[in-house]
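Visitor: Sequence:
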Amino acid sequence: MLVWGPEPSDLDSHMTGPSATGRFHTYFGARGSETSEPYCALDTDDTSGFGPEVITLHRPMSGVYRYSVHNYSGQSAHPIEASGARVVLVVPRLGQILELTPPASNPRNGNVWRVFELQAEGSRVVGVSSINDYVQTGSSDGAVFHP
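If you count by our numbering, then the sequence shown holds residues 613 to 759, one letter each, in order.
Bear in mind the hints are in silico, worked out from the structure with no lab data behind them.
Careful: at least some of the hints might be erroneous.
Computed beta-carbon distance windows for the label pairs [said to hold, decoys possible]:
id, residue 1, residue 2, range
1, I743, P664, 19 to 25 Å
2, S660, L710, 24 to 30 Å
3, E619, E711, 30 to 36 Å
4, E646, A716, 32 to 38 Å
5, L710, G617, 16 to 22 Å
6, S752, V666, 26 to 32 Å
7, M613, D753, 39 to 45 Å
8, A694, R635, 18 to 24 Å
9, S648, A716, 21 to 27 Å
10, S717, M613, 29 to 35 Å
11, P719, T633, 33 to 39 Å
12, T633, P715, 33 to 39 Å
13, T633, N721, 20 to 26 Å
The C-beta atom is built at its ideal place from N, Cα and C for all residues, glycine as well.
Kindly generate the complete structure, drawing on both the sequences and the hints.
Guide: See the structure below:
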């Protein structure tokens, strides 16, 4: 779950991961599905500040999943690192609830906060790794979202 303050007005949740045909990318442009491939779905695309945006992974398959946040509003006027953003990750099978916040330092002014990766084996999430860095993209479907 992604939440943030009033500015920027539009932060976007992104989840990428393995699928039967390669890799999927769930975000506002491809909201996914809970009942069919990719079994990962975005509930709401909030464009007026605060959130929440929730992406739920319903049926993982073996591989690496990445969750990132894109500052769709534009990094120069309202940077991610000053947004009050936080991501809450709940992994029931691991008994983990993590709350992550963006790094305060963003020296290259990246507009994508790469938050974490999940490792799945079979249909189980077996590990979580924090990335917690910034990168730049010019596209909502760019390669920076994929491991």
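Visitor: Now look at each hint and say whether the structure bears it out.
Guide: Verification of the hints:
Taking the beta carbon of each, I743 and P664 are about 21 Å apart, inside 19 to 25 Å as hinted. Distance hint check: the CB atoms of S660 and L710 are about 26 Å apart, consistent with the given range 24 to 30 Å. Checking the proposed 30 to 36 Å range against E619 and E711 shows it is violated: the Cβ atoms sit about 21 Å from each other. One distance hint, 32 to 38 Å for the beta-carbon pair E646 and A716, holds here, with the actual separation near 35 Å.
Our hint of 16 to 22 Å for L710 and G617 holds, since their Cβ atoms are close to 20 Å apart. Restraint check, S752 to V666: a C-beta distance of roughly 18 Å breaks the suggested window 26 to 32 Å. One distance hint, 39 to 45 Å for the beta-carbon pair M613 and D753, is violated here, with the actual separation near 22 Å. At about 31 Å, the CB distance of A694 to R635 disagrees with the hint of 18 to 24 Å.
Look at S648 against A716: about 40 Å separates their beta carbons, and that is not inside 21 to 27 Å. A C-beta distance of roughly 24 Å is found between S717 and M613, which places it outside the suggested range of 29 to 35 Å. For P719 and T633, the Cβ-Cβ distance of about 37 Å falls inside the hinted range of 33 to 39 Å, so the restraint holds. Taken as a hint, the range 33 to 39 Å holds for the pair T633 and P715, whose Cβ atoms sit roughly 34 Å apart.
Under the hint 20 to 26 Å, the C-beta atoms of T633 and N721, about 35 Å apart, miss the expected range.
The structure fails hints 3, 6, 7, 8, 9, 10, 13 (numbered hints given earlier, in ascending order).
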